Each structure stands twice: as structure tokens, then as C-alpha cells.
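*Asks:* Please arrange chain B on chain A, whose structure you already have, making use of the hints.
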Amino acid sequence: MINNTKTIIQLASEGKRLDNRGLLDYRQPIKIETSISKSAEGSAKVTIGDTVVLAGVKMSLEKPYSDSPNEGGIMVNAELIPLSSSEYEPGPPGIKAVELARVTDRGIRESHAIDFKKLCIEKGEKAWFVIIDIVPLNDAGNLFDAAGLAALAALKETRLRPIDEKTGAVDYKGTTDTPLPLLKETLSVTVGKVGNHLMVDPTVEEESSFSARLTVATDKTGTISALQKGGDEPMTIEEVGQIVDIALDKAKFLRSIMDECFKNKK
Amino acid sequence: MSEILVENKTVVIPGEILAKGMDYLPGENTYREGEQIFSKSVGLTSISGRVIKVTSLSGPYKPKDGDKIICKVFDITLSGWRLKTNTAYNAMLNVKDATRRFVRKDEDLTKIIDVNDYIVAKVIRVTSQKLIDLSMNDPDLFKINGGRIIKINSQKVPRVIGKQGSMVSMIKKFTNCDITVGQNGLIFVRKRDNGNECLAEKAIKLVEKEAHIGGLTERVETFLKSETNQ
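Line by line, the protein sequences are chains A and B.
If you use the working numbering, the first sequence closes out at 266, no skipped numbers anywhere.
If you use the working numbering, the second sequence closes out at 230, no skipped numbers anywhere.
What the hints contain is simulated information worked out from the structure, not anything from laboratory work.
Remember, it's a predicted structure, so these values are computed and weren't measured experimentally.
All C-beta atoms, glycine included, are put in the ideal place defined by N, C-alpha and C.
Incorrect hints may have been included.
What the hints assert, rightly or not - With the C-beta cut set under 8 Å, the calculated list includes, among others, these residues of chain A facing chain B:
(1) 3
(2) 7
(3) 18
(4) 19
(5) 20
(6) 109
(7) 111
As the list claims (entries may be wrong) - The following residues of chain B were derived to be distant from chain A, with all beta-carbon distances above 10 Å:
(8) 77
(9) 104
(10) 169
Excised from the complex, chain A in its bound form:
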């Protein structure tokens, strides 16, 4: 219920934030921890300031969809549990959880980040489906970017399970070294508009003061794969241009943290 909109707008006009950050600064620390779950095929925990998000990847053998018989698929599910914020209640996913799942899903799906054809085992019969679960442990704002980072880190970490040759079933106790066929690394950056100012990595209070926001998913080459606009107010073409520039720049920054994390791991 806390909302300091007037102060946030006033501070933004001076280029400041409630917590003394600049408008285009991410909170610190940004941490990516991988392999945190034993039972998942890939998992990651991402911390941005006080926001903590878990992502887990499970692989399952399913029958491909009839319109793409030689491709696997992806499903993203997000659950906003009451543990993460007093705003959330138990029960079926609300509009916020659905949006979080769909924005994360779209970034990965529309950039063709995963080579779905390579996931097919038997045309029209059997293919790997990637199931990504996103669970925030603490919602202190900017779940979109944290979920995007966590999903990508978990996908990079994913190793396929062996398939039992006799029964054709997945051996969930076994492990292989086969990674997911990842073609691109898509990350999303959310930029919010408050007054006439743009800012990244909002806290919960800042999020509630946004009149509009735009989530931009880009890959390493800077190609935009998905956009999601939220909030009541419109944006001008110039603002969208600025937001894309900011998003590209910030995606580079987040990517460098991701690369650092995986380099240390090796």
C-alpha cells in the first residue's frame, strides 16, 4: 500500500531515486547461482538487490503438437507465492503471474532461442518439452528482469536425462552431458515511465508509481525478439526509441554478469 508517487516523480526530475540510485542503475548485488536444485534438470537463483527469483527447468517426453510434428516445445509457468510478498495470496495464478510467465515465455520462444527441431526424437510421436517454473522467493520489484535472467541461467545449465532404450521412458535418476540446443541467449530488460522520466530496475514502490512500462527482450546481437507494454498510459514513439536504447545497453550489462558467472563455474 506504500506509494510515494509524488516524491518519486520529483526525485526523478533531479535524476535521483528513493534509494539514492541513478535512474538507469540496477540495484546491487546482482547474483546468479546455478545448480541449486538436485531434482531439476537445470536451475538458477537470481538476486537483484532484495529481489530473489528461482527458476527450474524440467524436461519431459511428450507427443509433439500436430502442427509441428518434428519439434519439441516450451512451457513457462510462474507462481507468485504468498511467501514472496504480502500482496500475493494462495490460489490459482492471477493476472500478474500469468503476465510474468508469458513475458518470460515470449522472450525465449519468439527469439527461437531453443532449437526445437533438435528436441524431436521421433517425428509426430516423441519430443522433449522444456518446462520452466519461475518462483519468486522475495518480490522487491522488477520480477520481469529477474525471471528472465533466472530462466536463461537455468536453460544454460540444463542437461538432458537419459532415455531408457527398452521402455522408452525417461530415466530421471540418470544424467547425461548433453546440454539444451540453445541458439540464442535472450534477456529481457524492463523500463518504466514515471512522469516524463524513464527508469530501470524499479522497486515495488516505483513499480506502483509507473504510468507505463515496456519490457524489451533482446539477444546478443541486439535483435529484439519480444516487447510487452504494461500500464495505463501511452508512450510516444520517441520514448519507445529511448527505451529500446536503454534496454540494449542494460541487456549488455546483465549479459556480462551472466558470462562472468558461467566463466567462474567452468
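*Replies:* Positioned in the frame of chain A, the structure of chain B alone reads:
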């Protein structure tokens, strides 16, 4: 035979037996069942003479007559405003309790206080059904403009205020901010010239985090001194 089963200043949980026998009396946040005294909430025990009470460490704010609280308007009715109080219950502010000037029957109430505005108000009535009535008829009650509102655990409010307001006046002095502490866990901070709202917020969060550890005032003072280079 009566005996106390817990030591002074230990953490207890709801349902924990604090004492046996009729020689002891249940105080705040405790209750008697049969010959035993149980804790009602998570908190620290405090034994004084024959009375055992528990000081809550967590839990929601319970509205009380005379409390100064900070609330947010979410609805306007014919006769006043409805407000969120950071509890399970909403409060009502009547037009006659909001302002001293005459308000015409057809006047636009949003001109006085609008939806989403925050006010500092006093609880004047709480019914058994938890209907809360508020008043702004006091010089230190006002509509909030600018500054920032911080939310803390309402059980830590007494520590933020300190003995005779010592803690809050120390934070005010070092950060050059006006601070109004609402009993419901919302705190309003606004800087004066060259004030530092961020530092005040950090100090308040520090008090909230370490409220249960002794020597709090000294630690907060050291923190404020080191941050302001004094």
C-alpha cells in the same frame, strides 16, 4: 505448587506454557487455561513480580483509541473518506473530523483530501466490530505532501520512537528530517533543507532489524555518526 517454566527475556511461541499454578497472573499476550498460563503470540517473555507478559515480536497492528496512525484514502463517501490503515480493517474519516471550516453539502471532497492521499490521523473510536473512526482535529495531524512513507513491522514502532522519543529525535537531528511515526507501522519522513531522507530510512530499517538486540541506541548513533562523518 506454582512454578515459572520460562526464563525472563526468552523467545516463546503461541501455545507455549509459561507457568503452572495459580500464583502467577497472565499479562499482555498471554492467557490462562486451567492452572496453566500460555503465550498468545511470538515474542519475548517479561516477568515482573507475579505477572508474566509477552512482548510481541511480530503480528499485525491492533487499532486502539488515541493512536496516531498514517493511512491512505481509497474511497470517498457522501459524509467522508474511507481509509486503509495497514490492518485488516478499514477506517472512516468524517467530514466534521477532517477540517474545522464549514463544508457545503455539495462540495467536492476530493479538493480537501483525494483518493490515494495519505494522512496522519488519530483513532478516536474502535468498536467491538473493529469499525475505526479517525479524526484530524489536532494541530499535529495533517495531510501528507511530498516526503516518503516507509513501512515497518508495527511491533517495532516503540523501538523506533525510543524512550521519551529519544531514538526518533536522534535520527531527526542527524538526518535533518521531519519524522512522523504512525503506530500502525507507517512512518512519514520529509527532509528539511539539506536533509537526508535516505539515511533516515536506512536508520529506521536498522532499528527495525535490530530492535531485539541490546545497546540499540548506541549502535544507531555510531551508524549515523559514521554516515554523516561526525
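*Asks:* All the hints need checking, so say for each whether the structure fits it.
*Replies:* Here is what the structure says about each hint:
Contact between residue 3 of chain A and chain B, as hinted, is supported at the beta carbon level, the nearest pair being about 7 Å apart and thus within 8 Å. Annotation: residue 7 of chain A was flagged as interfacial toward chain B, and the flag holds, the nearest CB pair being 5 Å apart, inside 8 Å. The restraint placing residue 18 of chain A at the interface with chain B holds, with a minimum CB-CB distance near 6 Å, inside the 8 Å limit. Restraint check, residue 19 of chain A versus chain B: the minimum CB separation of about 6 Å is within 8 Å; hint holds.
Interface hint at residue 20 of chain A: satisfied, since its Cβ lies 5 Å from the closest Cβ of chain B, which is below the 8 Å cut-off. Hint status for residue 109 of chain A relative to chain B: violated, with the closest Cβ pair at about 38 Å, above 8 Å. Here the hint on residue 111 of chain A is broken, as its CB sits about 38 Å from the closest CB of chain B, past 8 Å. Annotated as non-interface, residue 77 of chain B keeps its C-beta farther than 10 Å from every C-beta of chain A; the closest such distance is 19 Å.
The Cβ of residue 104 of chain B lies farther than 10 Å from every Cβ of chain A, with a closest approach of about 28 Å, so its non-interface assignment holds. Distance check on residue 169 of chain B: its Cβ is at least 23 Å (rounded) from any Cβ of chain A, clearing the 10 Å threshold; non-interface status holds.
Hints 6 and 7 from the earlier list are contradicted by this structure; the remaining hints agree with it.
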